[in-house]
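Here are the chains, one letter per residue:
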Amino acid sequence: MTNSATNLRLKLPMACIILEVILIILFGTLVQYDDETDAKLWHKEIANGSSNYDNDFYYRYPSFQDVHVMIFIGFGFLMTFLQRYGFSSVGFNFLIAAFALQWATLMQGFVHGMHGGKIHVGIESMINADFCTGSVLISFGAVLGKTSPVQLLVMSVIEVTLFAVNEFIVLSVLGAKDAGGSMTIHTFGAYFGLMVARVLYRPNLDKSKHKNCSVYHSDLFAMIGTIYLWMFWPSFNSAVTAHGDDQHRTAMNTYYSLAACTLATYGLSAVVAHDGKLDMVHIQNAALAGGVAVGTAGEMMLTPFGSMIVGFLAGTVSVLGFKFLSPILEQKLKIQDTCGVHNLHGMPGVLGAIVGAVTAALATKDVYGDGMADASFQGVRQAISLAVTLGIALLGGLITGFILKLPIYGAPPDTICFEDGIYWEVSLATTPSHFVSMNEHTGLTDLYVVFV
Amino acid sequence: MTNSATNLRLKLPMACIILEVILIILFGTLVQYDDETDAKLWHKEIANGSSNYDNDFYYRYPSFQDVHVMIFIGFGFLMTFLQRYGFSSVGFNFLIAAFALQWATLMQGFVHGMHGGKIHVGIESMINADFCTGSVLISFGAVLGKTSPVQLLVMSVIEVTLFAVNEFIVLSVLGAKDAGGSMTIHTFGAYFGLMVARVLYRPNLDKSKHKNCSVYHSDLFAMIGTIYLWMFWPSFNSAVTAHGDDQHRTAMNTYYSLAACTLATYGLSAVVAHDGKLDMVHIQNAALAGGVAVGTAGEMMLTPFGSMIVGFLAGTVSVLGFKFLSPILEQKLKIQDTCGVHNLHGMPGVLGAIVGAVTAALATKDVYGDGMADASFQGVRQAISLAVTLGIALLGGLITGFILKLPIYGAPPDTICFEDGIYWEVSLATTPSHFVSMNEHTGLTDLYVVFV
Amino acid sequence: MTNSATNLRLKLPMACIILEVILIILFGTLVQYDDETDAKLWHKEIANGSSNYDNDFYYRYPSFQDVHVMIFIGFGFLMTFLQRYGFSSVGFNFLIAAFALQWATLMQGFVHGMHGGKIHVGIESMINADFCTGSVLISFGAVLGKTSPVQLLVMSVIEVTLFAVNEFIVLSVLGAKDAGGSMTIHTFGAYFGLMVARVLYRPNLDKSKHKNCSVYHSDLFAMIGTIYLWMFWPSFNSAVTAHGDDQHRTAMNTYYSLAACTLATYGLSAVVAHDGKLDMVHIQNAALAGGVAVGTAGEMMLTPFGSMIVGFLAGTVSVLGFKFLSPILEQKLKIQDTCGVHNLHGMPGVLGAIVGAVTAALATKDVYGDGMADASFQGVRQAISLAVTLGIALLGGLITGFILKLPIYGAPPDTICFEDGIYWEVSLATTPSHFVSMNEHTGLTDLYVVFV
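Chains as they are written, first to last, in the UniProt record's numbering: chain A, 1 to 452; chain B, 1 to 452; chain C, 1 to 452.
Just so you know, these hints were derived from the structure itself, not from any lab.
Treat each hint with caution, since some may be false.
Remember, identical chains collapse to one label, so a pair may be satisfied in a single copy or spanning two.
Straight-line distance between alpha carbons at most 27 Å, and here's what the computed DSSO-like set of lysine-lysine pairs gives [stated by the list, open to error]:
#, residue 1, residue 2
1, 334, 323
2, 323, 209
3, 365, 118
4, 207, 405
Work the whole structure out from these sequences, hints included.
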């Protein structure tokens, strides 16, 4: 199952170690503690009357940890649904997230303003780095099973950079609101990944088709990912909103949107799936669309009522996308979207951007009171931001796809996609594929074996 | 494995979508942000001298998230111990919890007092809704494997309503203390569910007996649920107690009670189980009884010493219940309690109520200082509350059982209980049952196959 | 698979119940609520102008819960990598942690100063008890699969006691800094456990060799443990540091150290593993070494740059240790280190102690400002503390090993190590071993069966 083309003994170490050395050098040159993490600076603030309890750590860190769980457990286990790709799903998720959060700290620091030539870091930069990482992991979902870890690291380098640029344009130049990242995280990550998948289209991928599906326990592992994403999405959307009512309201709106989305998902799944049975793919993914779709408007006065309508629509759109749109994407547009990120992040992200634009356009002083910042033409800013995000994501994904297509990264052949054995030591005695192939070799028909 | 009676193509979508539409309409009519989530109102408080850091979000949200994990991961995975019922355990838990938390917001809002005709929502209503949901999930445990998702949704509608009524009587009318819900959540949920299970008694359930047990990995998945419930129970019991020493003390008392309970559980399990070996059923369930049993008294000056005694007793009672009482319940009382909720929630809940009544009766100004509110006859209030809770739970469960017995909800036949395949698309190639039945059909004895 | 020597029907209940009764009596005699958990005392503070929001609960409890997850889920599931030892890994972890945290409360209370003859407990004592428990669980990793639960409880009694003594000497007598426990937790736990493993050396352990490895899904379960440890390590290292910049900085330094460590781990694993493939053992363990290695210096002005260098080194050392040192330890030094705790906790712990000593020695007023406490000769204090820790751990482990060697605890024979069936009821129909041995008995070669 190994050949020299996919042997990573040199490629992966070189990629990991060179990238980490570059990161360390850049951090050494450019990164400094911010006022709240630096001993000297913070104690100056204490001397000026602040209390240690005012440190932003106490008002952001619990949210950060929830986001962190979403990135490493949520995304990681959501992708373990494939029967023989659990090591890679969790393991490559782990690798590229650990890289991306460091790189994101630098890229976001560059574009969001340096302080005297230095990037200042603290809890908020940690959350923002995790957010940017989330976007990369969404793109990972589109190319899952068909890429080598070296390709994924290269993709991360480029995507994080473009994410930071787009985020800067959307939030700082255009002045849009997008605290939960309907646009900057979900729409960007999804369309970037879909475009990469398009360029990396494999006409003979059906040779690995029998591995591109779940088994009983892999679906249960995936539910760990789903449920963690679902539970902590309120923390995700509220992690960097303004303190006070904003953060409180965002968490609550997201909670209601997700609850309504879940009911819609179960209802629709039973309608469209075979024999009126529920489809795990829908439950694992579409039930989360409600979190994506209030990523922009969640901090606004959307009301629980509005949140539930948005969640209900998002779940509906997402299930229908899995049933009717994904086959078209694959057959007509030649986009092989392994995890269906178009249905979970793409369409719900666009929906979220539109909901955000409309909600912003309808904002009045009467509803927000003193809680309303000046935001003339806010609806228009939001709409333009969606267009910019789509443009950068698609163009960036296109270029990235061609770079990843170079035959130097140890990508798997069409016959061994969705297979851990190509990049991981999997004990022969225990990997499913071995026994299945043994079966093929012996030609025995009375040998039925399946595995843990 | 499918037939028209259990086909849910119409029934489940109708239930989900009609219920969600009703919820959305009622939320649109009746629900408003409270002072801490509404932009205008909160900024008025800011103008009057409050700080954003005073927002209750910061003092309740971490507890809320722990409770949320217990509801969706804890209860969901605890029930995956059945070998072929993992999708349904996690999936139906997810569905009915997502519904129940919305419905509970309305029902609890109605009975706990409206504000100018409106229900006010914020972090505390979110926690309370999750609590009420927990009660429904306890009842789910009693009927696990024998009910359709439509039945479960109908049960949730009724149980949430009665929960809110009972909670109102116990806390507001009778003035009892029950922050961790020994009575309102655990006793109520357990006896409600047991009565439903009694009415739904299936004399021929032994036809599905071979599926009503665990396999190796399903027990490991269940341990994820157990451990999360165990770890976060201190947050559960303290989530809505008064700020300051109350919340701090409740968490600590629960922590000690659970630790002592765990030692008792291991000790007793080795005594009563076969050959001196430990029984996973005991570990998964009885080790949690210590959390249930300090649900009422945890906020009082129970002391770590008292907490440990209570936890020790709860673990003991629970293991003995699994060993000696459950078979009697099934054979004599015809209560088929799939998860043994009587042992984990029923008896420990009643124990908790009694401990609460005694501790409250013994409270003195000397111990509580200014921390003691006026609470004359508090012990008596607590005792009456237990009786009321038992009465409403049993009567409510009885009525609900008869409603669920109507042959219109697509309930599984006796031969296909404890089986995901009836309501979920499970790939034939990977489900255990298929191969076992193939084996049966071929009659080959040299064909031993089991599955992931 | 059972015989009278390993039958625990009397031994385990006696151990659990006697220990718990002793704990309850000692708690009843010696333990009191502290000022922040006692109703009367806290309300005095309120009367003197404190606010309920000042209660330390709000500034420590989220960290405590993260640590709690690491102890029960992180350590518990990390050890489930063995194919037939999942029940014991999670279950014995659960048992000894529940015992150790109670015992640690007493032992740490004794040595860290009593208040009027009483041990005061609150959120900080809870965190410290969990920390001490972590040390015991590290030692558990070294003897995993080869010990009975009674042995483990006896080991916990002694190790917790010595941990408290060592902690007192290091932190209070020598005045060293070690908030994240590079020395007191990791170095201590690792070398204590390694010495126990040395004394318990089993020359015929290769009779159980076929069970001393992972299968596909057991590695995925283990990744749950790994990822939770990785994510929450910033909370671990910062849980008891001073409030304000210290806690904030510690969490951030740990976050960067772990990220860099992960890149190093993946890179090195591909270099040293077979065929350029990644080895799950490295990913599961070495990626965590970065958290261990900043356990001392994390609260200092290490900078993200310094943290990343430390993390990178720790990951490198750890992977190389697994590849080259572990076989030597086993063959030359006769230390059978099941989980490789020497590579994850031993060497990275020593590295962390050295980094801490150097960083402390380099501290200047210019960098710390008013944040610098008086700490003359701090580097020397740190270095002596490492030596003391190693000495107490090795000597303590030696004595403990001989005590555990007494043939009275029901330890497993060499032929049935790494096997749940010896202490747990495992349904014969579903345990892997049954079928494999059936295969052996029948001698049929066309019977390939493996299990969930």
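Status of each hint after checking the structure:
For the homomeric pair residue 334 and residue 323, the shortest alpha-carbon distance inside one copy (17 Å) is at most 27 Å, but the shortest distance between copies (44 Å) is not. Taking identical chains as interchangeable, the C-alpha atoms of residue 323 and residue 209 lie at most 27 Å apart only when both belong to the same chain, with a minimum of 18 Å there against 36 Å between chains. In the homo-oligomer, the alpha carbons of residue 365 and residue 118 lie at most 27 Å apart only across protomers (22 Å), although the nearest pairing inside one protomer, at 39 Å, exceeds that limit. Taking the shortest Cα distances, residue 207 and residue 405 sit within 27 Å of each other inside one copy (19 Å), while across copies they are farther apart (49 Å).
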